[in-house]
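Residue numbers (our numbering), protein chains in the order written: chain A, 1 to 504; chain B, 505 to 951.
Among the hints, a few may not be true.
[Stated by the list, open to error] Negatives, chain B to chain A, calculated, CB over 12 Å:
1) Gln685
2) Thr757
3) Ala920
[Claimed, not checked] Distance condition first, Cα-Cα at most 30 Å in a straight line; then the derived DSSO-like pairs of lysine-lysine:
4) B/Lys732 with A/Lys45
5) B/Lys727 with A/Lys58
6) A/Lys266 with A/Lys160
7) A/Lys56 with B/Lys735
[As the list claims (entries may be wrong)] Now the stretches of chain A that chain B is said to cover, found in silico as 3 or more residues with beta-carbon under 8 Å:
8) 45-52
9) 186-192
10) 290-303
11) 353-363
12) 406-419
13) 455-467
Don't read these hints as lab results, they were simulated from the structure. The C-beta atom is built at its ideal place from N, Cα and C for all residues, glycine as well.
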Amino acid sequence: MLPRRIAAAALAGGFGVFAITAPAAAQAPAQGGAPAPSTTRMVLKGRAPVSPDVLKVKLPRPQEADLANGLHLIVLEDRHLPQITFQIIIPGAGGYFDPPDQVGLASLTGQLMREGTTTRTSPQISEALETMSATLTVNSGMAAASASVAGSSLTENFEKLMDLAADVLLHPAFAPAEWERLRTRSRAGLVQNRSNPNFLAAEALNRAVFGVHPAGRISATAASLDAITPDALVTFHKTRYVPDHAAIAFAGDISLAEARKLLDAKFSGWTKAGVPKPAVTDPAPVGPARVFLVARPGSVQTTLSVGTQSMLRADPDYAALTVVNRVLGGTMGRLFRHLREEKGYTYSVGSFFSATQYRGGWTASTSVRTEVTEPALTDLLAEVAGLRDTPVPDAEFADVKRAIVGSFALALENPQQLLGYYVENWQYGLPSDYWDTYPARVMAVTPAQAQAAAQKYWAPGRLQIVAVGDAAKITDILKKKGDVEISDSDGNPVRQGSAARGFD
Amino acid sequence: MTTPLRRLIPLGLVLVAGVAAAPPASVHFTDSKLRNGLRVIISEDHAAPVYSIVVQYNVGSRDERKGRTGFAHLFEHMMFKGSENVGQNEHPYLIFMNGGSMNGTTNKDRTMYYETLPANQLDLGLFLESDRMKSLAITAENLDNQRNAVQEERRGGVDNQPYGRTFEALDEIAYDNFAYQHSVIGSMADLSAASVDDVAAFFRTYYAPNNAVIGIVGDVDTKTTLSKLEKFFGAVPRQPSPAAVDTTEGAQTEERRRTIDDRLARLPRLDMAYRIPPSASPDTDAIEVLATVLSGGRSSRFYESIVRQKQLSTGVSAFAEESRGPGLFKIIGTALPGKTLGDLEAAVDAEIERLKAEPVAGWEIEKARTSARRAFVSALGSSLSKAVQLSQDALYYDQPGRINTEEERMARVTAADVQRVARQYLVKTGRTVLQTMPKPSAPNGGQ
Chain A
1 MLPRRIAAAA LAGGFGVFAI TAPAAAQAPA QGGAPAPSTT RMVLKGRAPV
51 SPDVLKVKLP RPQEADLANG LHLIVLEDRH LPQITFQIII PGAGGYFDPP
101 DQVGLASLTG QLMREGTTTR TSPQISEALE TMSATLTVNS GMAAASASVA
151 GSSLTENFEK LMDLAADVLL HPAFAPAEWE RLRTRSRAGL VQNRSNPNFL
201 AAEALNRAVF GVHPAGRISA TAASLDAITP DALVTFHKTR YVPDHAAIAF
251 AGDISLAEAR KLLDAKFSGW TKAGVPKPAV TDPAPVGPAR VFLVARPGSV
301 QTTLSVGTQS MLRADPDYAA LTVVNRVLGG TMGRLFRHLR EEKGYTYSVG
351 SFFSATQYRG GWTASTSVRT EVTEPALTDL LAEVAGLRDT PVPDAEFADV
401 KRAIVGSFAL ALENPQQLLG YYVENWQYGL PSDYWDTYPA RVMAVTPAQA
451 QAAAQKYWAP GRLQIVAVGD AAKITDILKK KGDVEISDSD GNPVRQGSAA
501 RGFD
Chain B
505 MTTPLRRLIP LGLVLVAGVA AAPPASVHFT DSKLRNGLRV IISEDHAAPV
555 YSIVVQYNVG SRDERKGRTG FAHLFEHMMF KGSENVGQNE HPYLIFMNGG
605 SMNGTTNKDR TMYYETLPAN QLDLGLFLES DRMKSLAITA ENLDNQRNAV
655 QEERRGGVDN QPYGRTFEAL DEIAYDNFAY QHSVIGSMAD LSAASVDDVA
705 AFFRTYYAPN NAVIGIVGDV DTKTTLSKLE KFFGAVPRQP SPAAVDTTEG
755 AQTEERRRTI DDRLARLPRL DMAYRIPPSA SPDTDAIEVL ATVLSGGRSS
805 RFYESIVRQK QLSTGVSAFA EESRGPGLFK IIGTALPGKT LGDLEAAVDA
855 EIERLKAEPV AGWEIEKART SARRAFVSAL GSSLSKAVQL SQDALYYDQP
905 GRINTEEERM ARVTAADVQR VARQYLVKTG RTVLQTMPKP SAPNGGQ
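Please work from the sequences and hints to get the whole structure.
If you want it as structure tokens, here you go:
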């Protein structure tokens, strides 16, 4: 079943006053012989003992404060285990802000910060961290608006970890020798990416959905690695790693007062720069629908991705798209039941969307054996169309909403996950009671609203199709869905006239 | 008997003063057996309104016979296809629709199923696990359907991936005994050959209560849970014990060396496998420290010397997977563009020889110890992690409480122990060296 991995929750949570209440709208799925959802290969006998109640979970609230240098402090205290995690979120330091000819600058700046400070070499930092079994990373996503400095350790080592974090954040050395090492490793990474079908699919889809907007950035290029200079790294750090609009969040064995004291002691050198809040803009609207093929020699599968733009995180449609997307491509959703369980085309299929400060993306994807590329793509698109054309039946709809609300109980085991909810509130300007009222908002979504979201976001004219695989076998199939733009696995366009010859 | 964890862990350590480590907590549990031989480990943890149930069956790919490779894992997929009182796919549907999560996983040594659910759904988890242990629905239609899914899993995970064939080939060369020699996912031909009769016989033989261990951890009451277990599982009949599988390996007397081509890879890769004893061996802890010294994080010797200084590779890992039978200590690294596998292998060998010649430093030993402590504390926070470890250690070692001794065992390993196991096991005559060379297919996209 599903990806064969066990979720290893990192921390325990012991808060959460909860009470058993009758569910607002949902009934236990199998009770009363509710009709099975849309596809075959699922039979609900209704004999298993299901408690009709949904645990109503009250999430613990963090304590928050604003510091003089502009930093917002969030602390989710949980004393169950002797460990603490932290993350510093720095808007303006993400890859979104890379100059277009230096894509990767933010990411490499973050990586190089960890490669030595003015008083510690890279190996000294590694040794100090690992003898404590602590972690410390600087992450700046290729398309993200923010960078983060994050880490965790046992309580007994947390003060030392904060020393290292402050040093990496405030005094990175950006030594030329370390930069050359990092650049060499990064070049090798670019080569490796080209052999990965999922990377190739994501790269092509991002370009189709976002065009040249930074939201579509997925990787540096050989040319951008050449263009980035040590000076550019130093300047990016100096101008962008500022506290003015940043936040620091803690979860675990620490109080607000203890966190403040640590910040005073370790981060007093992080002073306000007096810069405005970094602004982002939305990508140009997506469309028209197009079809892309990445020719990957040796493929025995076709990796299919269908995608488009989604919405802002604060969009009022967020709950409706969450619910209808779960009906479509969530665990045991329609795509799974139809493409995997009914037809046996694939091991794994699902759909996902992101929503941030700028308009994000939505993707449905799967990998299928080459021979079934055509029916798999047709069926995937038909399931999307089904949600546009027909309201979700009541029983299936109630089950999906119950699944979303019910899973909050599991989050209580993991303070880090809970902290993530509150960081999200801060990042996207959501109200402080957002997660308390979220279950009610999910329960309030109607089948008509879900259908309207499907019609709006998954309109046929918006959907971009990408296939990565054996061009000899799938080019003609894709042509049935529209004009096909073909590229090779290095990203170079392939002229159409020659695409049908010279196959292995 | 069962104290909630929150009382065992000292709270509110004085942070800024940097006070010494908290004394180690331990996981309390009960260990009992139903009359039909089903072993049950229960541990209460009321930190969150959640529980996890893990069912470990004492069967893995090592129990497969020739011509039926991949069968244990294919069978795992059949376990979601329904039973007497549970419809096809109703099991996962009920778990997810009630806010839970679940999965199954197969390795060489065991097959494991697990669910995490809100605490008010205890009966649901027990019922679903017991009904399939009792009365799995075995049909040709289900088998064909899941055969497709598994073959697609193989394509996605092996045949369509760079280096996909490499991990299979390494075990095939390093082992002589069929039990551990073949891969868990199995061959396409063998998967195609599996029949409904095979499924029925496998179920009868291995999916018996006396061949399984259940772990339940979380917001449950031990006494109530035990009586529910009796109610749901008590009537599942005991079966004759399956024959023990022969996993013995003859001695390896010379190095084995092979090169394979990979049409999907872009960079050459080096894989090495040294023979080591089963994980129950007293040397296992020292071997674990050895792996940490060589490749645990960026302060490791491989990273500092081979990745950072010599710049031969983006990363070289060394690890020994847990194994009930004869084990392998594996070293894997990809060469950077322009570097050769010969250079990479020489650099790896130099670090291994250094380990044999000089004792490791105190901080390297300390690193392994704190790593074990951190892993223990992290596991305490997850009902699923604890349920997996308690039940698996009961099955593998007959020591469900092994989780509580991990840190102490690692703390006993000395620099001399690490040097001794390096000299004893990291010998060229006991190893396999596999080189994977990129060999692009002719382009299929035209020019």
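Q) According to a criterion of three or more residues whose C-beta lies within less than 8 Å of a C-beta of chain B, is the region 290-303 of chain A covered? A) Coverage by chain B holds here, the residue count being 7 at a Cβ distance below 8 Å.
Q. Counting residues of the region 186-192 of chain A that have a beta-carbon nearer than 8 Å to any beta-carbon of chain B, does the count reach 3?
A. With 5 residues close enough to chain B, the hint holds.
Q: Would you mind confirming whether the straight-line C-alpha gap from lysine 732 of chain B to lysine 45 of chain A stays at or under 30 Å?
A: holds (22 Å)
Q. According to a criterion of three or more residues whose C-beta lies within less than 8 Å of a C-beta of chain B, is the region 353-363 of chain A covered?
A. Coverage by chain B is violated here, the residue count being 0 at a Cβ distance below 8 Å.
Q. According to a criterion of three or more residues whose C-beta lies within less than 8 Å of a C-beta of chain B, is the region 45-52 of chain A covered?
A. holds (count 6)
Q.
Verify this label for me: threonine 757 of chain B is non-interface relative to chain A, using a Cβ-Cβ cutoff of 12 Å.
A. Holds, since 36 Å exceeds 12 Å.
Q | Given pair status - lysine 160 of chain A, lysine 266 of chain A, alpha carbons within 30 Å | A | holds (10 Å)
(Q) Is the listed coverage of the region 406-419 of chain A by chain B valid when you require three or more residues with a beta carbon under 8 Å from a beta carbon of that chain? (A) holds (count 8)
Q: Run the C-beta distances from alanine 920 of chain B to all of chain A and say if the shortest one exceeds 12 Å.
A: Holds, because the least Cβ-Cβ distance between alanine 920 of chain B and chain A comes to about 20 Å, which exceeds 12 Å.
Q) Is the nearest Cβ of chain A still more than 12 Å from the Cβ of glutamine 685 of chain B? A) holds (21 Å)
Q.
Hinted pair, alpha-carbon criterion (30 Å max): lysine 56 of chain A, lysine 735 of chain B. Please report holds or violated.
A. holds (28 Å)
**Q.** Satisfaction of hint between lysine 58 of chain A and lysine 727 of chain B, Cα-Cα up to 30 Å
**A.** holds (28 Å)
Violated hints for the displayed structure, listed by number in ascending order: 11 and 13.
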